[in-house]
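Trainee: Listed below are the residues making up each chain.
Number of protein chains: 2
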Amino acid sequence: MSELKLPARSEDFAEWYNQVVLRAELADYAPVRGCMIVRPYGWALWENITAALDRRFKETGHVNAAFPLLIPRSFIEKEKSHVAGFSPELAVVTHGGGEELEEPLVIRPTSETIIGHAYAKWIQSYRDLPLLINQWNSVVRWELRTKLFLRTLEFYWQEGHTAHATAEEAEAETRQMLDVYTDFAVREAAVPVIPGRKSEAERFAGANQTYSIEAMMGDGKALQAGTSHNLGQNFARAFEIRYLDQTGVLQYCWTTSWGLSTRFIGAIIMVHGDDQGLILPPRLAPYQVVLVPIFKSDEEKIAVLETARRLHRELADAGIRVKSDEREGMSPGFKFNDWEMRGVPLRIELGPKDVAKGSVVLARRDRPGKEGKSFVAQAGIASAVAGMLEEIQKALYERALAFRRDRTVGAAAYGELKKAVETGFAFSWWCGGAACEAKIKEETKATMRCIPVEQPGGSGTCVCCGQLAREKAIFARAY
Amino acid sequence: MSELKLPARSEDFAEWYNQVVLRAELADYAPVRGCMIVRPYGWALWENITAALDRRFKETGHVNAAFPLLIPRSFIEKEKSHVAGFSPELAVVTHGGGEELEEPLVIRPTSETIIGHAYAKWIQSYRDLPLLINQWNSVVRWELRTKLFLRTLEFYWQEGHTAHATAEEAEAETRQMLDVYTDFAVREAAVPVIPGRKSEAERFAGANQTYSIEAMMGDGKALQAGTSHNLGQNFARAFEIRYLDQTGVLQYCWTTSWGLSTRFIGAIIMVHGDDQGLILPPRLAPYQVVLVPIFKSDEEKIAVLETARRLHRELADAGIRVKSDEREGMSPGFKFNDWEMRGVPLRIELGPKDVAKGSVVLARRDRPGKEGKSFVAQAGIASAVAGMLEEIQKALYERALAFRRDRTVGAAAYGELKKAVETGFAFSWWCGGAACEAKIKEETKATMRCIPVEQPGGSGTCVCCGQLAREKAIFARAY
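Protein chains in written order, with this note's numbering: chain A, 17 to 495; chain B, 17 to 495.
A few of these clues could be false.
A pair holds if it fits inside one copy or across any two, identical chains being indistinguishable in the list.
[What the hints assert, rightly or not] SDA-like, lysine to any residue: derived pairs with alpha carbons at most 20 Å apart: (1) K74 - N64; (2) K74 - G335; (3) K137 - D44; (4) K137 - W173; (5) K455 - Q174; (6) K96 - E216.
Source of the hints: derived by calculation from the structure; they are not laboratory data.
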């Protein structure tokens with residue numbers, strides 16, 4: 017599986033990405049065009065992502081539920097921007113149980129409509145608010161150009177849907193979830209992100225305001241890694257989501273929605289990976305440590321495996337996710353390559369000499385070669401490994417942050433912006449006008465990724481038209 | 017919500033069931049006929065079920081993955097019994113992205129075919145076996161008569177799919193998963209089940225052998241609560257799932273599949289519930305304990321809430337799932353009814369007198385009225401509550417087991433069987449013939465639920481035809 021060398025990441029980033037996904041066995045192509053199979057190793061990574069997010073959702077008062085896959089087609093048509101945005105991407109069920117349906121059903125491309133319908137039924141009074149529900153599911157959008165994890169017909173995600181009594185509460189929720197995504201990306205995935213506001217052109221179909229977190233990939237392009245939408249009263253009016261306020265007056269609710277998908281796995285691959293394959297952040301890695309026993313004779317084997325199994329137990333008992341590779345008929349070198357391809361953050365090598373000396377070799381995945389190797393005593397192995405995993409987690413984040421810093425230019429002139437977006441981000445004053453945004457997109461292929469929450473303050477002149485600009489924006493080519 | 021009385025369980029079991037599902041807010045009807053929304057309380061119960069099962073799957077060496085929702089229609093047609101079984105129930109996608117598809121796609125009714133296709137690609141040699149994958153997902157079957165949780169167009173489940181080198185290993189896996197389901201039902205859900213073998217007529221479409229666990233509901237009817245199928249080489253041949261054995265010969269694999277669904281929630285409701293509503297087994301209950309503070313004056317309120325919050329923390333710190341009901345403007349009596357409807361196993365009542373005495377009142381959900389109440393000291397509350405929860409768990413199981421025993425008749429004569437299935441199970445000698453099975457079904461509406469794994473031994477005469485019978489079978493009317 018790992019016998020052929022990967023294409024160099026610096027030479028053919030796109031092909032390197034595809035090969036890493038397939039050869040690390042994260043995912044595979046499905047028989048239906050544009051669909052993917054998430055293989056066990058990829059799903060274990062997603063399970064760790066879901067656990068880290070779900071904990072944060074519950075801490076902020078949300079509960080999970082499950083809404084149906086099938087939505088009456090007429091529902092999609094109730095909110096006019098929503099139908100415009102999603103109609104071209106729908107998968108339509110026309111037959112069920114051998115008969116043609118009276119009304120066609122669509123497979124959910126997102127669930128604002130069907131959840132809006134339910135909320136209208138469940139919400140009666142201010143006592144029922146806020147309503148804070150999330151669901152983990154898959155959705156289907158009929159995409160034409162697809163790429164594993166980044167853009168597939170069916171993808172996995174969570175979608176949060178909340179209803180509030182006031183505009184202020186809805187905006188606070190929208191921003192809170194943006195913060196939750198940012199915290200997750202930085203602390204769990206070691207992926208630096210820029211939280212910010214989308215332009216009108218890039219908003220979710222049916223939202224008053226869309227916020228996103230934007231990350232820089234290893235080729236300098238941007239990836240939208242999570243979004244949070246303030247839907248105002250648009251869906252509340254379309255679906256009659258109303259409540260009786262404390263004074264007995266019937267009011268429309270204010271709603272939000274927010275989502276993060278398996279696309280994030282693509283971000284992890286493209287931010288951290290190298291020419292040897294995947295590098296997973298320790299906090300999300302299915303296996304944090306792989307232990308490779310090394311021996312030649314049967315006598316060596318007995319001694320090495322005995323020690324290896326004892327160390328395995330010590331690590332597992334300390335809550336470290338450890339995998340021992342005792343496969344027969346494969347050389348240690350083959351195993352090293354195999355686990356490097358799969359991005360396991362730390363390798364423990366244990367041979368007869370290590371057994372004799374009471375030590376092991378630790379090899380860091382993020383620092384290939386001798387530089388990343390160290391000898392560590394077997395006594396206290398669990399705390400040494402835990403400490404090293406934390407170091408790796410931190411180092412991955414800092415490396416990605418430095419990379420983004422190096423490739424972000426505070427472009428003041430249009431020519432600078434043009435050049436900047438060839439290799440990374442331009443962070444430029446923008447007048448906020450749709451015309452400038454469109455012109456930049458047309459001429460440079462870079463889109464306005466977001467107006468970052470963090471602003472330098474003051475004002476400047478628009479990088480495109482030279483008019484007064486009160487905010488700086490990130491422009492970049494994007495996935 | 018709980019103001020109207022439920023229909024009596026003994027008088028209108030079907031309507032009692034529907035009302036409990038809706039009023040305990042486990043689920044609601046969706047706008048598409050036959051679909052359901054699993055509400056947060058119901059989904060929290062399902063999450064606890066999935067955690068209990070997933071732990072067992074992982075302990076027995078299985079990993080999770082995700083296979084696509086959409087399957088080419090031609091796949092379903094590759095295994096001839098499979099197509100016959102599932103064709104009438106398919107939801108068909110004919111249009112995607114605004115265009116008619118060249119080949120229609122079906123929404124998976126189950127995933128043997130698409131997983132078979134992937135396994136054929138992934139499995140090359142005996143080294144790749146066994147392959148032990150499970151997935152948590154939803155499937156769609158176009159059912160005509162639907163009922164929340166018991167039979168819906170879309171339902172949630174897990175489906176395990178394994179491939180093995182030998183027939184013996186596949187059979188051992190099939191039986192192992194039957195044992196896993198039995199262990200889960202008994203220990204986690206307090207639902208007594210009878211594991212056994214299905215007749216040919218009741219087998220899964222495409223299986224050589226189907227095993228199930230069968231439970232008796234509160235009206236004496238049977239519910240199939242989980243199934244495990246030995247698929248022989250049927251799918252391996254249809255999808256070319258082959259491996260090179262140790263001697264270099266290409267062999268077909270032997271495969272299995274097994275599933276347990278949200279139907280199991282229906283079993284929990286119908287086995288344990290009573291006229292006041294749901295009764296949840298402590299090990300699966302979203303809230304194991306509800307704490308209701310009781311006070312009149314502001315002074316009382318301060319004292320009671322202070323103690324209540326301290327007790328809440330102690331219980332939560334001990335890992336007990338506790339909910340404090342501090343809602344304003346509702347009487348304690350209303351709250352008691354509300355949480356009884358939702359089946360919380362244990363209630364803690366705390367009033368000013370209890371605060372003064374340093375005690376609380378514990379009220380068991382499974383024993384209504386004074387009989388289930390006891391005074392317990394606040395000191396050591398967590399261990400008292402944990403002990404009581406274990407007692408309730410045990411009592412629920414024993415009550416359900418006694419109920420089943422009382423309503424199971426070892427019917428030797430046909431007349432006895434006819435009478436037995438009006439109120440419960442007949443456990444009778446059966447010749448194994450399809451004619452007798454069909455006759456019994458036709459005349460009594462009872463089906464052969466399973467041939468239990470546990471047999472008395474020896475032989476007898478068939479309850480229907482009087483011929484020699486080597487095994488006893490369970491006959492019952494079923495959901």
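Trainee: Determine for every hint whether it applies to the structure shown.
Mentor: Now for the hints, and whether the structure bears them out:
1. K74 - N64: Intra 15 Å, inter 15 Å, cutoff 20 Å: intra and inter.
2. K74 - G335: between (23 Å within a copy, 16 Å between copies)
3. K137 - D44: between (41 Å within a copy, 10 Å between copies)
4. K137 - W173: So K137 and W173 fail the 20 Å test inside a copy (25 Å) and across (27 Å) alike.
5. K455 - Q174: For K455 and Q174, neither the intra-copy (34 Å) nor the inter-copy (50 Å) Cα distance is at most 20 Å.
6. K96 - E216: So K96 and E216 pass the 20 Å test inside one copy only (15 Å; across, 53 Å).
Against the hints set out earlier in the document, violations occur for numbers 4, 5.
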